[in-house]
Structures are given as structure tokens and as C-alpha cells.
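Each chain, written out:
2 protein chains.
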Amino acid sequence: MTRTNGGVTAPKGFKASGIHAGIKAAPILDLALLVSDVEGPIAGVFTNNRIPAAPVILDRLHLKKPYGQAMIINSGNANACTGAQGLLDAEEMAILVAKRLDIPPTSVFVGSTGVIGPRLSMPAIRNGIPLLMQRLRKSGHRDAARAIMTTDTTMKEIAVHTRIGKHLVSIGGMAKGSGMIHPDMATMLAYITTDAAIHPTVLQALLREAVDSSFNTISVDGETSTNDTVLCLANGMAGNPMLQAQTGNAKIFQLALNHVCQTLAMKICQDGEGATKIVEILVRGAKKDHDAKQIAKTLATSPLVKTALFGEDPNWGRFMVAIGRSGPAIQPKHIEIAFENVTMVKNGQEVTPSKERQVQRVMKKKSYTISIKVGKGKGSSKVWTTDFSYDYVKINASYRS
Amino acid sequence: MTRTNGGVTAPKGFKASGIHAGIKAAPILDLALLVSDVEGPIAGVFTNNRIPAAPVILDRLHLKKPYGQAMIINSGNANACTGAQGLLDAEEMAILVAKRLDIPPTSVFVGSTGVIGPRLSMPAIRNGIPLLMQRLRKSGHRDAARAIMTTDTTMKEIAVHTRIGKHLVSIGGMAKGSGMIHPDMATMLAYITTDAAIHPTVLQALLREAVDSSFNTISVDGETSTNDTVLCLANGMAGNPMLQAQTGNAKIFQLALNHVCQTLAMKICQDGEGATKIVEILVRGAKKDHDAKQIAKTLATSPLVKTALFGEDPNWGRFMVAIGRSGPAIQPKHIEIAFENVTMVKNGQEVTPSKERQVQRVMKKKSYTISIKVGKGKGSSKVWTTDFSYDYVKINASYRS
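These protein sequence lines are chains A and X, in that order.
So the first sequence is residues 1 to 401, counted in our numbering.
So the second sequence is residues 1001 to 1401, counted in our numbering.
Wrong hints could be hidden among the right ones.
What the hints assert, rightly or not - For lysine to any residue, the following SDA-like pairs were computed, each having C-alpha atoms within a straight-line distance of at most 25 Å:
| id | chain 1 | residue 1 | chain 2 | residue 2 |
| --- | --- | --- | --- | --- |
| 1 | A | Lys-333 | X | Arg-1060 |
| 2 | X | Lys-1346 | A | Leu-88 |
| 3 | X | Lys-1251 | X | Lys-1376 |
| 4 | X | Lys-1364 | A | Asp-391 |
| 5 | X | Lys-1376 | A | Arg-50 |
Unchecked claim - Non-contacting residues of chain X with respect to chain A, defined by C-beta distances greater than 10 Å in every case (computed):
| id | residue |
| --- | --- |
| 6 | Thr-1002 |
| 7 | Lys-1099 |
| 8 | Leu-1101 |
| 9 | Leu-1131 |
| 10 | Gly-1165 |
| 11 | Arg-1325 |
| 12 | Gly-1379 |
It is worth saying that the hints were derived from the structure and are not from the lab.
Ideal Cβ placement from N, Cα and C applies to all residues, glycine included.
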């Protein structure tokens, strides 16, 4: 697998564009289009939130026939909590694109991100679509990736290619999201393209696997916003023999897809709202993986832990509090906590002589790992988290103003 | 029931004291003692945390014989995650007080609050106890209430009396805690005294009920620190006929006890770390009370909701996100959100014309109620929460330094 330049248009047969349609007040890009020359299998993973936004409801419906050819995504408005009208608006977005491309509306997938509640400005979208079509090109990936940003401070895209037999298969991706690892994250959207030939059920299984080891590692256990969406469209133009489940070729593709998803997830993590650090939390020794995940999640979302990370304060007691309240039965006397390779807590107590100074040095780093052993079981889990800074409060106290 | 001056020494037969023993570096009170002239029934409610501190383990043990006569509490050190040595230290505190008072060590209850991890300074405690004994007096309630404070900015105490038949029964209380309504709260301690004559099992049931409708309403569902403790000692010196379960007299006592606990809980809430507002969140229309509680809890602990409260931003979408991810099945189209008497969301959508301005006026208040209807069920729940301010991050990023 090789990293290449570009984004969602790196695979064969994809074009993209991004324009300012006027959904956002500021004169910045807010509408993106992504089109494949031919229809192909599409897979999707969506929010678990009980109040899904209109485009999520529409996409889930369209995915019942798992073939697609285009995606239209707006930023500036989430089209969430907008009732029946919101659904009609999302559907109209798909229909307008479908008409222009002369394809069925069910082949068009829709995404929205931004403020929850107000109705989408349909005049802006209707007026924008012709220009969006006109601008479609191979080099449009950057504009598309920019047009889906909200509080993001950086554009997020990636492309890789890998060999499957004698065929070069490419995967491209773009994402938006920031601060997503907080308990009720801002919307995370990711759009992945590939020219691989693959059956839709295989694609869905591989995407689910890739999402679990990437976006779900930072989003912490499916606590997702109303709009979260990951879609992967495979147009088959690489000409490889159809990828079959459980084969070596599928494995090669899985690794490349994982890399694309993990890279986008890390980019989102690095762009955490007000985050100054990224910390990996590894929990092991739990009875089950599920227990380990619950403990890791409690640590990753604890405001007291996150402010300690920001303060570079080796206040391991806060970790103990969070571990103790996370739910799973644990043996306090087996707990070990290490910051990188410095073990600060052993047998549930601080080691003597204290390693506080060494730990403080680790905590000054921008990125490091905290390993936590909670018992003698085989359950383990890994999550990424960020710190809680003054800026987090600042950004979120005034998001709409 | 009448509110009176005083605190834990308001009921007959109680004395208290507080001194600087040297557990804290600063020359402020850090060791408290509370003694009854006679032994009496004692009830306790403790943290659910899986890593209880040494004094919690000791108190639970002593409570197996539910009679007590004295409580010794230190601040500055939590005696948590201190292993077998921590247990021996907590036990020694009880033994030292017991010797001085010539009572069994099991009649002495111990509390600690402060930094987790380091061993308690036993020389400071050993040297402090004689002075603590010497200072014991009726007027010592203030010193005791001050000596248990950590990040608290205000001392928290209350006293009430009520008539049970022709007997005047008093209840007094002191508490410490601040920022407790955050997901992994700082330690909350509350010590309640009464001169009521009551059987220990009745006292335990009444205390549990009072805690559920007070401290557990702000602590949000038992997500507690390593040290949280509520103890209630009843010495019987009021001379009332023994309070029996399910009687009118027990009901009168319950109301007074609830008032004491609720007042202390509100004082803790008002002293939330960096909090600028107290907001009551009422959830109704859920299938079960448990569902309503889960939704209320998710809202009360959501950083995005809490920063919106701080920013006085009627960003109701954040409430929808939190409701949707909280777990229980809800009907998005039945959701209503009102700020005091201003309904902003109805049928899951913003009402037109928008009530944003009116809601903004409500949100400028220091304290207000947000009512949320999530369906047509009969389950309801109420929690108190505070906002998340810059100061919250500041206090918690530098707690130990």
C-alpha cells in the first residue's frame, strides 16, 4: 500500500467539486458534490443517535438498494430536527442531482452538517447545483473537502493505492469533524471512494470493520451526533477480479481501507475543539473486551481526567476515580497505570520512590500513551482522547454566535 | 419544621471541634471531631465507586453494628488508593478517638477528603487529637464544618427542629463538596446529627430516602468519588417515643431530614467548581422513571449542553443530540423543550415564530428550569446541573499545584 496525493478523486472515474452556495453566511465553501462515472456498490455506517437527521434517514433508505453514483453534502446546516419538511428537502437535494446526472434519485446520497434545527436554505441549494455540476473535475477533491468543514481548522483528505493481483486499486477519502471525541460530539462525516470491484455485502462488512478500528476508536463507543455518516462508494473501474469475502485480496483491501479510515480519524482527533494534546488510552486485564472498552470510554470522556491532561498534572487519583466508577468489576489491588514506559501506579498504589517527575515529563508531550492494567483478564481496548482546554469552553460557549 | 441557627451541634448532646493539624500545608483547619454524649443508632450511605477509600471501607465495617458515638474527619488527604496501610491508618484514627472517649473503636466513624494516593500524615493526626478533644464544645460546629472543606468556597451547615408529639426533635448537618455534579465528582461528605429516638433500621431507610431525593439528585445517579459518605447519628436525647417505620411521626421526621439533606445538596451545587449557574432539568413523558433519569443524567453531564448554559446560548440542537444518544427509546416527534415557561421546541422542531429571544432572557438568569417532554409515558426525573465555565477548566487543570 502506498500513500499518494489527492483525495476522493484519486480512484479512477471520480470527479468532485465544492462551491459557496450561500448556506453559510460567510463567503466560504458550503456545498460539495462527488460523482462517479459509473454506478457501483456503496456501503454506509451511520449514527446510533435516536434522533437521526433527515439526510441520515434518506441515506439509510437509499442504501436498501446498495448501489450509488453521487453524493451531495452541505455544511452550515445539519437538516436535523426539521421534521417532515427536512426529509422532503433532503430528498429534493438527491432528486436535483439525479436529474442533472440522469440517474435514479436512489443512487444519490445526501449529507448535511452544521446547526441543528433551522430549515435548510433550499433556494441556495437549488441555485448552487448547476455551478456545482459545472465545476466537477478530477482536481475538485480539495474544494469538496473544504466545503464540508464546519468548526474544522484543517481540511482532511487522504488517498492510497494498493496492488490486488496485477491491478492497481485506489482508495480516497475526505472527512470533517472536530472535537468528536467528546461525549456528544460534533458531527463526523467521512466519504470514501474506491475503484475496486467488490460486492456490496463484502464492502459493507469491510467498511464496518474499518470504522470500528478507526472512527469508533476516537468517537468512543458510538455516542454519536444526529448526522454522523461514513459512506464508501466502489465503482469497480480498477478492473480487479471481484473481491470475495475472507480472501487474501479482501484482506489487502481491508488494510488499505483501515489505513484510510484511521488516517482520517486521526486528522479529526488532531483537530479536536480546543485540544492541545492527543492521548492514547490502552486498557487491558479486564474480564472482557467490553469491560475494557467501558473503562477506556469513562477515562476518555471524564472532564476531570481531560483537564488533568491539559494541566499536565500526574493526578493519577482521577484515573482511579474514573476506573472505579466506570461500571465493570475490577480489583483495585491489581491496577497499574503507566505513562509511556513510566509505571506510576502498581498494586493500586503509587510506586515508591514516586515517578511524578518522570511522568510530568511524559505529560508535557503533545501525544503519548497511558497504559492501564485493571486485573488479570484478557479483555483490552484502546481509545484516543484529547485534553479539555480553556479553548474548548470558549469554542462551545459561542458556537452559534 | 423550623430552621434554626447552628449546625451539627444543634441537636441535644452533640459537641464538635475543628483544628489545623498540619495535614494541609496551608495554616487552615483540616481535622474535625463530632461527639455525642451518648451512643446512638447510626445510618450511612456510601459511594458506589469500585475503589472505595480506606475510611469508607472502615465505616462500612463499623456500620455492621449500627451504633456510634463519634466521627473524626480530615481534609487535605483522601486516604484513598493507599492499600493496607491506608486501612490501618483509618483504623488508628478511630482507635485514638475511642481511647480518649473511652468507647469502643467500632463506635467511631472516620472520613477523609483531599488528594488521592499519598499516605495520610499520621503524626499530624496523632498530635492533633488531644487539641481536638480539648476544643470540643457546642459552639464548635462552625470549626468542624470549616475543617472538612477542600475546594469549597463556602462552609455548608444547617439545623432545623420539628415537633414529634410534644417533643422537640432537632436535626443538624454539615457537608463539603463542590463541583460534585460533574461526572466524576470531587468528594462529597455530609454528616447529620439528630437527637431523635429511632431504631437503626428505620434511620437507615429514612436516610436512604433523603439521600435519593437530595444528594443523588445533584450527584446524578451514583457516579461517585472514592470517598463519598453521608452519615446520620441519632442519640435519642430528645426523649420522643421511638420512631417506628411507616408512621405519621416517621413521616414528620423524614420531611425534616429531607430538608436538611436538600439544603446541604443545594449548597454544594451552588458551590460547583467554576459554576456560574444552577439549572434544574426536568424530564417527563419517558416510559419509565429509569429512562427519564438516564436522559436527565446525559443532559446534566454533557459538556456541550453545559458550555451552552455558560454561553447563554439557546442551542436546543445540543439538547436533542444528548437526548438522542442517552439510550432510552424516544419519539423525536413528541419532544418538547421549555426554558421556564417558554416552549422553544414542540413536536421535535423549533416553534415558529422562534422563541429564541425569550429563551435567551431566561438563560441570563442565575438559576432556572428546563422542562423536557420526551414522549407520552409516565416516567419522570429531575436533576440539578451547573454550567461549564473557563474557571472549571482552570480549577481542575491545576487542582494539586
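**Asked** Holds or violated: are the alpha carbons of X/Lys-1364 and A/Asp-391 at most 25 Å from each other?
**Response** holds, 22 Å
**Request:** With a cut-off of 25 Å on the C-alpha distance, tell me whether X/Lys-1376 and A/Arg-50 pass.
**Result:** Holds - the C-alpha atoms of A/Arg-50 and X/Lys-1376 are around 16 Å apart, at most 25 Å.
**Message:** Holds or violated: X/Lys-1346 and A/Leu-88, Cα atoms, limit 25 Å.
**Reply:** holds, 19 Å
**Request:** Mind verifying the non-interface call on X/Lys-1099? Its CB should be farther than 10 Å from each CB in chain A.
**Result:** Consistent with the label, X/Lys-1099 stays out of reach of chain A, its closest Cβ about 28 Å off (over 10 Å).
**Request:** Say whether it holds or is violated: X/Leu-1101 keeps its Cβ farther than 10 Å from all Cβ of chain A.
**Result:** Since the minimum Cβ distance to chain A is about 32 Å, X/Leu-1101 lies beyond 10 Å and the statement holds.
**Prompt:** Hey, does X/Leu-1131 actually stay past 10 Å from chain A on C-beta?
**Reply:** holds, 29 Å
**Asked** Against chain A, does X/Gly-1165 keep a CB gap of more than 10 Å to every residue?
**Response** holds, 43 Å
**Prompt:** Can we trust that X/Gly-1379 is non-interface, i.e. its beta-carbon lies farther than 10 Å from all of chain A?
**Reply:** For X/Gly-1379, whose nearest Cβ neighbour in chain A is about 15 Å away, the distance exceeds 10 Å, so it holds.
**Item:** Satisfaction of hint between X/Lys-1376 and X/Lys-1251, Cα-Cα up to 25 Å
**Value:** violated, 32 Å
**Asked** Quick one, are A/Lys-333 and X/Arg-1060 close enough, alpha carbons at most 25 Å?
**Response** holds, 19 Å
**Item:** chain A versus X/Thr-1002 - minimum CB to CB distance exceeding 10 Å, so not interface
**Value:** holds, 38 Å
**Request:** Taking the shortest Cβ-to-Cβ distance between X/Arg-1325 and chain A, state whether it exceeds 10 Å.
**Result:** violated, 5 Å
Checked against the numbered hints listed earlier, the structure breaks hints 3, 11; every other hint is satisfied.
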